[in-house]
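Here's the letter readout for the chains.
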Amino acid sequence: MPAFAADVPAGVTLAEEQSFTYRTLDEFSSLDPQVVEDVDGSNIVRDLFEGLYNQDADGNLVPGVALSHEASADNLTYTFTLRDNAVWSDGTPVTAGDFVYAWQRAVDPELASPYAWYMELMSIENGAAIVAGEMEPSALGVSAPDDKTLVVNLSKPLPYFTKMVTHATTFPAPKWVIEEHGAQWTRPENMVSNGAYVLEEHVPKERSVRVRNENYWDNESTVLETVTTLVIGDDAQGLTRWRAGEVDMTDIPAGQYPALAEEFPDEAFALPRLCNYYFNFNLASGPEAFQDVRVRQALAMAIDREVIVDRVLQGGQFPAFTFTPAATADFEVPGVEMASMTQAERDAKAKELLAEAGYGEGGETLSFNYLYNTNEAHQQVAIVATQMWKQKLGVDVTLENQEWKVFLETRSAQNYDMARGAWCGDYNEASTFLDLLTTDSGYNDAKFSNARVDELMTEAKSSNDPQPLYTEVEQIVAAEMPVIPIYHYSTNVMLSDAIQGWPMNNVEQNWYSKDLYRVAD
Amino acid sequence: MLNYTLRRLLMVLPTLLILVIFAFYLMRLAPGGPFTSERPLPPAVMANVLERYGMDEPLHVQLWTYVRNIVCCFDFGPSFSQKDRTVNDVIAQGFPVTLTYGFWSAVFVLVLGIPLGIIAALRHNGFWDYTMTGLAIFSQIFPNFVLAPLLVLLFTLSWGLLPGGGWNGGQWQYIIMPAVALGTSYMASVARLTRGSMLEVLNSPFIRTARAKGLPEHRIILRHALKPALLPTLTYMGPVFVYMITGSVFVDVFFSTGGIGQDFINGAYSRDYAVLLGLAILYAVLTFALTLMVDLLYAWIDPKVRAGLS
Numbered sequence: 001m002p003a004f005a006a007d008v009p010a011g012v013t014l015a016e017e018q019s020f021t022y023r024t025l026d027e028f029s030s031l032d033p034q035v036v037e038d039v040d041g042s043n044i045v046r047d048l049f050e051g052l053y054n055q056d057a058d059g060n061l062v063p064g065v066a067l068s069h070e071a072s073a074d075n076l077t078y079t080f081t082l083r084d085n086a087v088w089s090d091g092t093p094v095t096a097g098d099f100v101y102a103w104q105r106a107v108d109p110e111l112a113s114p115y116a117w118y119m120e121l122m123s124i125e126n127g128a129a130i131v132a133g134e135m136e137p138s139a140l141g142v143s144a145p146d147d148k149t150l151v152v153n154l155s156k157p158l159p160y161f162t163k164m165v166t167h168a169t170t171f172p173a174p175k176w177v178i179e180e181h182g183a184q185w186t187r188p189e190n191m192v193s194n195g196a197y198v199l200e201e202h203v204p205k206e207r208s209v210r211v212r213n214e215n216y217w218d219n220e221s222t223v224l225e226t227v228t229t230l231v232i233g234d235d236a237q238g239l240t241r242w243r244a245g246e247v248d249m250t251d252i253p254a255g256q257y258p259a260l261a262e263e264f265p266d267e268a269f270a271l272p273r274l275c276n277y278y279f280n281f282n283l284a285s286g287p288e289a290f291q292d293v294r295v296r297q298a299l300a301m302a303i304d305r306e307v308i309v310d311r312v313l314q315g316g317q318f319p320a321f322t323f324t325p326a327a328t329a330d331f332e333v334p335g336v337e338m339a340s341m342t343q344a345e346r347d348a349k350a351k352e353l354l355a356e357a358g359y360g361e362g363g364e365t366l367s368f369n370y371l372y373n374t375n376e377a378h379q380q381v382a383i384v385a386t387q388m389w390k391q392k393l394g395v396d397v398t399l400e401n402q403e404w405k406v407f408l409e410t411r412s413a414q415n416y417d418m419a420r421g422a423w424c425g426d427y428n429e430a431s432t433f434l435d436l437l438t439t440d441s442g443y444n445d446a447k448f449s450n451a452r453v454d455e456l457m458t459e460a461k462s463s464n465d466p467q468p469l470y471t472e473v474e475q476i477v478a479a480e481m482p483v484i485p486i487y488h489y490s491t492n493v494m495l496s497d498a499i500q501g502w503p504m505n506n507v508e509q510n511w512y513s514k515d516l517y518r519v520a521d
Numbered sequence: 001m002l003n004y005t006l007r008r009l010l011m012v013l014p015t016l017l018i019l020v021i022f023a024f025y026l027m028r029l030a031p032g033g034p035f036t037s038e039r040p041l042p043p044a045v046m047a048n049v050l051e052r053y054g055m056d057e058p059l060h061v062q063l064w065t066y067v068r069n070i071v072c073c074f075d076f077g078p079s080f081s082q083k084d085r086t087v088n089d090v091i092a093q094g095f096p097v098t099l100t101y102g103f104w105s106a107v108f109v110l111v112l113g114i115p116l117g118i119i120a121a122l123r124h125n126g127f128w129d130y131t132m133t134g135l136a137i138f139s140q141i142f143p144n145f146v147l148a149p150l151l152v153l154l155f156t157l158s159w160g161l162l163p164g165g166g167w168n169g170g171q172w173q174y175i176i177m178p179a180v181a182l183g184t185s186y187m188a189s190v191a192r193l194t195r196g197s198m199l200e201v202l203n204s205p206f207i208r209t210a211r212a213k214g215l216p217e218h219r220i221i222l223r224h225a226l227k228p229a230l231l232p233t234l235t236y237m238g239p240v241f242v243y244m245i246t247g248s249v250f251v252d253v254f255f256s257t258g259g260i261g262q263d264f265i266n267g268a269y270s271r272d273y274a275v276l277l278g279l280a281i282l283y284a285v286l287t288f289a290l291t292l293m294v295d296l297l298y299a300w301i302d303p304k305v306r307a308g309l310s
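From first to last, the protein sequence lines are chains A and B. For the first sequence, full-length UniProt numbering gives the first residue as 1, with consecutive numbering after it. For the second sequence, full-length UniProt numbering gives the first residue as 1, with consecutive numbering after it.
In case anyone wonders, no lab produced these hints; they're calculated from the structure. If a hint is listed, it holds; no wrong ones were tucked in.
Residues from chain B that keep clear of chain A, each with C-beta distances beyond 10 angstroms, as calculated:
#1 Tyr4
#2 Asn69
#3 Ile220
#4 Ala289
#5 Tyr298
Selected chain B positions facing chain A (in silico; Cβ < 10 angstroms):
#6 Thr36
#7 Pro43
#8 Gly166
#9 Val253
#10 Asn266
Every residue, glycine too, gets a C-beta built ideally from N, C-alpha and C.
Using the sequences plus the hints, can you model the full thing?
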């Protein structure tokens, strides 16, 4: 695997001051790799710590602390070979033992990491039992036969296992520092890290500054000297400060992408993301009508996704007819009937299906509640979708919005008729989405249950070519329609054209400051 | 006076206790908890997390532990949302920030509001009076969520004079806009209040007597009229300063100062019970302290009040 670093093309003049300042919405949850649980925090942790593998601009795996790995014939044992020149910022060599310590720490009930579930998802041997307090952390299926060899034993084969080790939870941790400083080990004055940067300053809710780690193995290829994260809790203010040149990067407030793309064609971006947006039918305790697949199909067909994406959201999103985004690695979008129809054909079919089910013209009026969490974009999507249903099918929908935490509780308790849903992949593989539709999934808010889907997803875990299995799952979902895929996300950002090297094609939006550089004006 | 102060201080403790109990149970009544998330935690992970934060205990035990930790060790517990920090850390970092620009905001309110009020009273029904009244109305129709973006558009985007936000260790450039945005409407109220009471005092018999004695006007204003005319303003400023601290939420978020207003908002959204309770206690103590301070100042200025307290 080739390494990846800031790739400054010949002839480019670098700016004298190599700094990058960007904006985040909220203070991050933690800077501890085994505790952090938010995207903004993970972005910083990726600069401070380095895991076994990193990702390149397209999201492919490139060496991090590990140079390579070998999988056993049964795909149950992975052996990673670590590089010799990886050292912590205090000069201590990074060893396989640092990974063993970190991974045991992640599942240790005493740390109570909210991301302990990720280690379970990785199927590491005994992970689930340790989290449940039934075994000691030392029983985790990870070992270090020597300083440069890390062996991981899985409880079941996982073809995409290596893709999962770019996640912050799997980064190494400096045992001696944590034992000395306890919970305060993440303070700038205490923290020892092994990434391309070290933490210089952290003023919660205001700024976090990191500077180059002189001990990083690839420090020579690093260009940016300083990276600053500013917490700016208001989207519009973030944009104002971008215009004032105070930040190099900020999110675009909802609805402003088209105008900004026209005003700043080289600096406004709509980047694909590994996330989907869908409507959940409540199949457990929702309206009786939802038990009829014709009703679900009719409602799905009557939604003009092009209108929602192009005229309402206007942020470069992608209309969705499958649950898994097309941008997912190694995933080929299966052909589903609805996708190949024109909207007029879908509308006609929707009327027909609804009438067959006994609703609409000449039948009963279909009515239900639609639940979403308080947010302007969600509200717009809800209004447009319900208007489409009303005009095309005569369906009456009452909108109901709730504050985020209340919404989550209501939805997970199946206390709704139809509710919005969204999911961002934990790793770049289709199962991160399709697992949601299995009977046992804790995130299956529609309470969809299909034995064949469960069987296919189980089979996919150990298959070397899961695509045919995923195709069948998507086709079942398209036929059964327990959820209505609406669109696949994009991220809208303003990025100063002075900052180069941004991984535009990495759909997980995993970026590393070490790959960026600032060009002269 | 000393007895009065002690009595007031003693009243604080039971009141605080009632507040803690009330706030503690009220927060738990709100749907959703600190660990409710888009991806619900598996039961075993949730059990570990709840145990880590002592939330696996019955509510009354949690309350007792909370109160005991505060009384014995001044420990407000760990923050649920900022996992590397305790509530003590959160307050120790954010409160000085909010207090600093709250203080400068109060200075802005007094330094501008009082002279404006005095001038308006002295030039009653004249140009300055109308100008001041106009300014006061203007300030009050521009609440801070309108004024703050306006200030940024002018001072940051158009003129490039001030940074659009942040704190940067509390450099003066970073304090000006939050202080002005926070204080403008209060400044207008202080000006109107001062104008009204100044007019009343200027029309009172003792001022007429002073004028009849031939005292110079500036001496009459500064030595005789100002002190009694400031009493209503003083009464007003005590709670106003508390409002400035507790009501700084928008300013904190908009200018990203890192103050406690942001913690309050985030605490509410993330159901960070510990931070919310800690801030509720802080706000309560502030309210008590400033109200007491105003009462004592009032007594110092007004002999009649002092006599009543004694």
